[in-house]
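Asker: Residues per chain, in single letters:
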Amino acid sequence: MVYTKRVDGRKLDELRPIEAKVGVIPNAKGSAMFRSGHTLAYAAVYGPRELFPKHLQNPKKGIIRCYYNMMPFSGSGERIRPGGNRRAQEISMVMTNALNPVVDLSAFPNTVVDIFVELPQTDAGTRCAAICAASMALADAGIPMKDMVSAVACGEVDGTVVADLIYDEEAYDAIVSDIPVAVLHNSKEVTLLQMDGEISKEALLRAIQMAQKVTEKIHEIQKKALKDKYAREE
Amino acid sequence: MIINKETILQLAKQGKRLDGRGLLEYRTPFEVELDISWTAEGSAKVRLGETVVIAGVKMSLDKPYADTADEGGITVNAELLPLSSPEYEPGPPQMKGIELARVTDRGIRESHAIDLKKLCVTPGEKAWFVTIDLISINDAGNLFDVATVAALAALKNARFPYVDPETGVIDYHKKTDQKVPLVKEPIGITVYKISGNLLVDPTSEEEKSYDARLSVATDEHGIISALQKGGDAPLTVDEIGKMIDIAMDKAKFLRNALDKELARKKK
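Line by line, the protein sequences give chains A and B. The numbering of the first sequence is this note's numbering, which starts it at 1 and goes up by one. The numbering of the second sequence is this note's numbering, which starts it at 235 and goes up by one.
Keep in mind the hints are simulated off the structure, nothing from the lab. In this text, a Cβ means the ideal position worked out from N, Cα and C, and glycines have one as well. Treat the hints with caution; some may be incorrect.
Restraint ranges, calculated between C-beta atoms of paired labels, are given here [as the list claims (entries may be wrong)]:
#1 A:T160 with B:P399: 42 to 50 Å
#2 A:R81 with B:K463: 25 to 33 Å
#3 B:P399 with A:L205: 42 to 50 Å
#4 A:R81 with B:Y396: 20 to 28 Å
#5 A:G84 with B:D493: 32 to 40 Å
#6 B:E333 with A:R81: 16 to 24 Å
#7 A:Q89 with B:P399: 34 to 42 Å
#8 B:D493 with A:S106: 50 to 58 Å
#9 A:Y172 with B:A491: 43 to 51 Å
#10 B:G358 with A:R206: 24 to 32 Å
#11 A:L193 with B:E454: 34 to 42 Å
#12 B:A467 with A:K60: 28 to 36 Å
#13 A:G84 with B:K351: 29 to 37 Å
#14 A:L205 with B:D493: 54 to 62 Å
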């Protein structure tokens with residue numbers, strides 16, 4: 001148990017400062033901004049709109065598609081060439097899987113709801129911030145949803161399970177695991193689970209339980225952002 | 235989008251606009267936020283009405299080009315995000331984005347706004363290369379003007395990253411106090427001709443109804459550094475003269491507005 005004091009001084013289960021807002025992109029049907037420390041995500045929802053090419057259409061219900069993208073200047077090192085890469089494509093896919101269980105597009109057959117997420121600056125936890133922003137943007141767009149999705153990365157740094165790892169913790173000179181987890185608020189079910197690093201089964205389960213606990217705080221912030229907009233407009 | 239093209243054309247004939255503005259009147263608010271990205275060497279978010287553009291500056295060390303061995307370089311890239319408008323689709327940049335990047339690039343490059351010789355570290359071996367990425371967040375019209383202001387604001391905000399003197403490796407997490415050698419402040423203004431009348435700061439609807447447009451980049455001394463005519467209607471020399479006058483006047487207006495915003499941020 002060497003890692004008792006976190007590099008940025010947070011408590012073990014303490015999240016970074018979060019800022020959240022909906023309705024930030026007027027052109028979109030729904031939109032949101034979600035900031036966790038230095039990681040910032042904008043999400044915009046367009047649709048339901050007709051899906052092309054037609055063979056992708058589902059006559060029983062509409063589908064969702066996520067597009068995750070880091071802006072060229074948002075990485076911690078050199079400029080990232082725009083135009084997509086394998087990492088962004090994979091994250092887009094797991095995001096779609098994380099959000100799919102809560103949306104109900106049975107009333108919109110043959111359509112697509114596109115969710116675009118863009119990050120102007122990052123410090124780890126980008127797919128989790130992206131999912132948080134996307135979930136809020138879907139709600140802002142009035143897409144029928146059964147639940148809200150909140151996400152956070154937990155993991156073990158040198159023998160200690162912590163919540164919401166920053167880049168300096170992911171790069172800590174010891175055994176580190178990074179586990180992004182998306183949690184449904186009502187059922188507490190997990191819709192995103194990935195891992196990098198090394199961890200025991202026992203510590204992994206503790207990390208997931210920590211994610212279930214701290215995503216409740218994230219959910220409160222997401223809910224408040226939605227209330228702030230719609231309470232004002234009443 | 236439903237476009238009231240006929241109404242826009244008829245109103246323009248009478249010197250009026252759909253949103254009630256004068257032909258040469260900019261939308262409000264005009265807001266500039268700096269340092270919106272800690273990972274960029276410089277960044278700015280500019281809002282004009284409902285149009286929002288983010289500009290980010292990244293710097294890297296590379297070998298100079300053979301024909302300009304004692305100079306660094308600049309690149310301008312634009313991304314019209316599908317997040318910013320229902321009309322943009324994922325994929326490689328389309329004509330609109332390419333034109334936006336190239337027109338903004340020429341305004342900066344041809345005015346010699348950045349002293350490229352000062353970007354050189356070792357002639358023939360090592361020089362700084364500056365990349366400006368222009369990203370649309372919400373396109374409600376007039377990306378041309380907003381992008382040029384965002385590019386200038388981000389350049390003014392940029393600081394060189396720290397370079398380890400031993401290894402020559404850049405530490406992007408550490409910034410120095412050294413600014414980009416910006417010796418001029420070019421701003422491009424695009425003037426539109428609709429139904430024979432000239433207007434600035436078009437909405438998305440007006441952008442789909444114009445006959446011709448002219449982008450004019452000028453620096454603070456009134457020297458023109460880039461032109462681009464768009465649209466398929468012709469322009470008379472008289473009209474070109476008038477459009478340049480408007481562009482110079484509005485460049486001054488936006489440069490002052492930017493300076494005011496930057497001064498407000500410093501307080």
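Asker: Now tell me, hint by hint, if it's right for this structure.
Answerer: Verification of the supplied hints:
1. The supplied range of 42 to 50 Å is broken by T160 of chain A and P399 of chain B, whose beta-carbon atoms lie about 37 Å from each other.
2. Between R81 of chain A and K463 of chain B the beta carbon distance is about 31 Å. The supplied range of 25 to 33 Å therefore holds.
3. For P399 of chain B and L205 of chain A, the hinted distance range of 42 to 50 Å is satisfied, since their beta carbons lie about 48 Å from each other.
4. About 23 Å separates the C-beta atoms of R81 of chain A and Y396 of chain B, a value consistent with the hinted range of 20 to 28 Å.
5. Between G84 of chain A and D493 of chain B the Cβ separation comes to about 38 Å, which falls inside the hinted range of 32 to 40 Å.
6. A beta carbon spacing of about 20 Å between E333 of chain B and R81 of chain A agrees with the range 16 to 24 Å that was offered as a hint.
7. Checking the proposed 34 to 42 Å range against Q89 of chain A and P399 of chain B shows it holds: the Cβ atoms sit about 39 Å from each other.
8. Under the hint 50 to 58 Å, the C-beta atoms of D493 of chain B and S106 of chain A, about 55 Å apart, fit the expected range.
9. Distance hint check: the CB atoms of Y172 of chain A and A491 of chain B are about 46 Å apart, consistent with the given range 43 to 51 Å.
10. Checked against the hint of 24 to 32 Å, the C-beta distance between G358 of chain B and R206 of chain A comes to roughly 57 Å, which is inconsistent with it.
11. Remark: the range hint 34 to 42 Å for L193 of chain A to E454 of chain B is contradicted by a beta-carbon distance near 56 Å.
12. With their beta carbons about 49 Å apart, A467 of chain B and K60 of chain A fall outside the hinted range of 28 to 36 Å.
13. Between G84 of chain A and K351 of chain B the C-beta distance comes to about 36 Å, which sits within the given range of 29 to 37 Å.
14. The beta-carbon spacing between L205 of chain A and D493 of chain B, approximately 57 Å, falls within the hinted interval of 54 to 62 Å.
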